[in-house]
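As a plain string of letters, each chain reads:
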Amino acid sequence: TQLLEQSPQFLSIQEGENLTVYCNSSSVFSSLQWYRQEPGEGPVLLVTVVTGGEVKKLKRLTFQFGDARKDSSLHITAAQPGDTGLYLCAGAETSGSRLTFGEGTQLTVNP
Amino acid sequence: SAVISQKPSRDICQRGTSLTIQCQVDSQVTMMFWYRQQPGQSLTLIATANQGSEATYESGFVIDKFPISRPNLTFSTLTVSNMSPEDSSIYLCSMIAGSSYEQYFGPGTRLTVT
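These protein sequence lines are chains L and C, in that order. Everything in the first sequence is counted per our numbering, starting at 2 for the first residue and increasing by one. Everything in the second sequence is counted per our numbering, starting at 938 for the first residue and increasing by one.
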C-alpha cells in the first residue's frame, strides 16, 4: 500500500510570510496532485506534476516534484488570508487510477 | 473541466435509516469514485464506481453497507445503509476524464446521523 506523509498538519502564520508544505513517500508515483479545499466545498485541483524534478508556478504558489517522484513540496510566497484552507497532496500510480491522499495541511493566514 | 453536482448537499438522518446520494457529471467520464471525509481531515476512498458492473470497494468498506450504482457514464449513486452516528461525515464523489491523471471533485454531501 502506498502512503503519503504530509507535513505540517497545521500551520498558522501572519499575512506576508512564506511557507512550505511537504509531501513524502517511500513509493514512486506517476503523478502527484495538489488540492485546496475550503469548508463546505469539495477539493479543488491546483496542479498536477508528472515529471521528476518538475517545477510549476501558479502565481504565488510554487510546486515541485522530486527527482525520484517520491516527494513533492508546495511553497507559498507572501501568504494572504485568502490562502487559508486545507491543502491536500495526492499521488496516482498510473493515469486514470485511484489517488492516495496525504493527511492534509490546515493553513490559516491571519491578517 | 467537467461540472460535478451532488444531491443532497446536506441531510440529517435518524439512525437505522438509509440515504442515497446522487452524483451527476455534465459529460461522459472514465472513472468515478466515492470518498468519505471528516471535516478538516483527509479523504478516504470508499470505492470505485464501475459503469455496468459492481463497484470495487476498498478495505473496510462493504457493498451491503455502501451499495453503489453507476448505470451510465455520467451518473452514480452511493447509499449509506442502516446508518449510525459513526456514519456522520462528508461524502464526496469524484471523476477522471479520459486517461488523465487529474481527478475532479463534487461539492460533497454533509451527512449527520442522530
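Since the hints were derived computationally from the structure, they do not count as laboratory data. A few of these clues could be false.
As the list claims (entries may be wrong) - The calculated lysine to any residue pairs, modelled on SDA-like cross-linking and capped at a C-alpha distance of 20 Å, are:
id	chain 1	residue 1	chain 2	residue 2
1	L	58	C	1039
2	C	944	L	45
3	C	944	L	42
4	L	57	C	1039
5	L	57	L	41
6	L	58	L	46
7	C	944	L	39
8	C	944	L	40
9	L	60	L	110
10	L	71	C	1039
11	L	57	L	69
12	C	944	C	1004
13	L	71	L	8
14	L	57	C	973
15	C	1002	C	973
16	L	71	L	110
17	L	60	L	104
18	L	57	L	40
19	C	1002	C	1014
20	C	944	L	58
Run through the hints listed earlier and report the numbers of any the structure violates, in increasing order. Violated hints: 5, 14, 16, 17, 18, 20; rest satisfied.
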